[in-house]
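Let the hints inform the model, and build the full structure from the sequences given.
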Amino acid sequence: MEPTSQGVPGPAAPQNEERLRLLIETGLLLASERSLDVIVQAALDAGLYLCGARFGAFFYNNIGVDGEPYRLYKFSGPDADACAALPMPRPTELFNVTFLGQGIVRSDDITLDPRYGQNPPFAGMPPGHAPVRSYLAVPVRSRGGDVLGGLLYGHPDAGVFAPASEDLVATIASQAAVAIDNVRLSERLTREISLVDAARSLQRQTSNRLRQALDAAQLGTWSWDRATDLLDLDERADQLLHTTPHVPITRTELRRRIVIAEDKGKATESLWRSLAAGGIYSGEYRVDAPNGLRTWVSASGITTFAPESSEVAGMIGTIQDITARKTQEAALCQSEKLAATGRLAASIAHEINNPLEAVTNLIYLARTDPEVPTPIQLLLEAADSELARVAQIAQQTLGFFRDTTRPVEIDLNKLLHSVVDLFARKMISRKIVCTLDLEPGLCIHGLQGEIRQVFSNLVVNAIDAFSSASVSKPDRIHIRGRHLRGRRDGVSILISDEGAGIASQVRERIFSPFFTTKQSTGTGLGLWVTRGFVEKHGGSIRFRTRTGDPSGTIFRVFLPGKMPAIGYPADNASPRLRV
Amino acid sequence: MQTTLLSSDSLKGSYDPVPDANSAAKLDAHLPRILVVDDEALIADTIVQILNRSGFIAEAAYGGKEAIEAARRIIPEIILSDVLMPHLDGVEAAIAIQKFLPDTRIVLFSGQAATVEILARARGRGYHFELLAKPLHPTQLLKHLRQS
Ligand SMILES: Nc1ncnc2c1ncn2[C@@H]1O[C@H](COP(=O)(O)OP(=O)(O)O)[C@@H](O)[C@H]1O
Ligand SMILES: [Mg+2]
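Chains as they are written, first to last, in the working numbering: chain E, 518 to 1096; chain A, 19 to 166.
Just to be clear, a hint being listed does not mean it is correct.
Straight-line C-alpha distance at most 30 Å; calculated DSS-like pairs for lysine-lysine [to be verified]:
#1 A:K83 with A:K161
#2 E:K948 with A:K161
#3 E:K1035 with E:K783
#4 E:K943 with E:K1035
#5 E:K1053 with E:K1079
#6 E:K1035 with E:K1053
#7 E:K943 with A:K117
#8 E:K931 with A:K83
Worth flagging that the hints you see were computed from the coordinates, not collected in a lab.
So, in structure tokens, the structure goes:
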């Protein structure tokens, strides 16, 4: 660089070596600086010093927190104070060259420039100040080519800025541009990082909250891929569905493994329905754990779509254990049903039993009248036995007639024979043979009426178990009674029939009140009452059944020698239906 | 079922007890006297007829008060009484009768299982009554009344 000694104000213009040092120092400073304010000031000051201007200005754009650009400026030099009062430079023709990044303007006397004076402000500098003659303006451009701002220098004397000054300021400008670029970049990075951070913490919060909600509701989550049929389950879903964590399983396999037979169809049907309709899937079904524990679960989900496609890709949803709710519902339903029926039964028992009594008496009178011709007597006999059936049903349904006596010694041999006698006619008409094999001296202590009811209910059921009279061999009912000695002394009575057996899907319900498979003739109360009485006597009732060939059912009643003292006479225990 | 045959009208015509047979029976000291109490006349009347044909001397009363009066008059060996009756129920009437006829056997006869509670009340006052459930087939009833 050619040192220019003449025309340059002596003390202000630094020597070459010094300039170089300053340039390097400024470059280092700018490269390491992260504050826009400091960068701008340092660049401005260095430029001012290097070119020997009386004042300088750095107009630069900044980006606000809202992302909107706005223009700032800084002044420097001995006349800076006066300049501070200047308004922002307007886009005059002269300034446009700089601020649109068209190039460097260096003028020995700007007042002679044809572009000068058409617009203020430099023409209109504050009064008392010499107008700018020497003028140097360098745009500050980013690497990307955007104009970041401009460095403007001035001097009241003409011809102050040599071409070398132009180079120096241009270097400063490019250093400043890099520094500003860096600041911008790091600001943007910081902003983006903080945005990402915020998003992430929101996501964390949301997912925490979701997890909490899921935990509180004991919800597990699942997703299902239609193409592979694979399920993705979270920890709780794994627990609820008895699956091994992280071992892939298909929906079909899972369903096959745990959903109970009765509910299998239900679960699938509901899924296909919602896939077809694209709606919300929800299903409630029972699942069996490997340890045999059975629970109710409720799953619900929504369909998911392949990206930018209307094709259903699968489903995501939640799953929940609803066993408690189901049990409560069932209990509530049953107790309501019982309460309602209890009231109903109480109110109609009287209304039914009295007319039944009257009609029974009337038929008896008619039948036993010697003047009534034989054919009519036969008809009346048939009517009488039908009526006995009605009376039996009414008795079972409406009035659980109970002994008023205290527990007594019951001779079971006698009682069982009399029960069989009671149904002898019925059995003969249906060609059923009933045999008894009773150890002598089967005695228990208990309520006679209730024990009689227990066995008559079981015998009636055994009779009903034969659908139609078989042609080949006579239908058989066998009653076996034995003493039991051991942990608890008592008697064991088996009532076995060779009837149709009990279908596996209804086995667990036969002791429920009102459960019957006999449409018109059944009350569904027989076994419920029977179990109530047996348990009240401290006994137990079990059954084994087979529907194949040969088919049949065995009911086993165990009764302890002495019924427990508790529960009598204030027997508010079973049966619960009181009329 | 033939409703005409079973209606009370057709029955009363055909089966009123023959007065001669009745008075003849009254003379027979071996036949037990029995008072049948029921507010439903059809039940009381049919049972009376059945009993009268089966070796008892039976008479009907249609309420608690009437039963007490009838009991004083005929001094029955057995009283067969409904429980739930208006005004004076069977248990109260039975207790009142038992007081002046301590040897009379009292059998209550009810279409309601809640009778158990009423009986417990009587038991609490020191009275033990037998209880039969309606409907009860006449053969069963006769069997029960014949055994003592
Ligand atoms: N010995 C039996 N053989 C076949 N099925 C039976 C037998 N005992 C009971 N069941 C079944 O259990 C059901 C419930 O029996 P129960 O409570 O006595 O009511 P109900 O006899 O009025 O139907 C019956 O409807 C029948 O399906
Ligand atoms: Mg039954």
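Hints and how they fare:
no.	hint	in the structure
1	A:K83 with A:K161	28 Å, holds
2	E:K948 with A:K161	28 Å, holds
3	E:K1035 with E:K783	26 Å, holds
4	E:K943 with E:K1035	17 Å, holds
5	E:K1053 with E:K1079	11 Å, holds
6	E:K1035 with E:K1053	27 Å, holds
7	E:K943 with A:K117	45 Å, violated
8	E:K931 with A:K83	41 Å, violated
Hints 7 and 8 from the list above are not met by this structure, while the remaining hints are.
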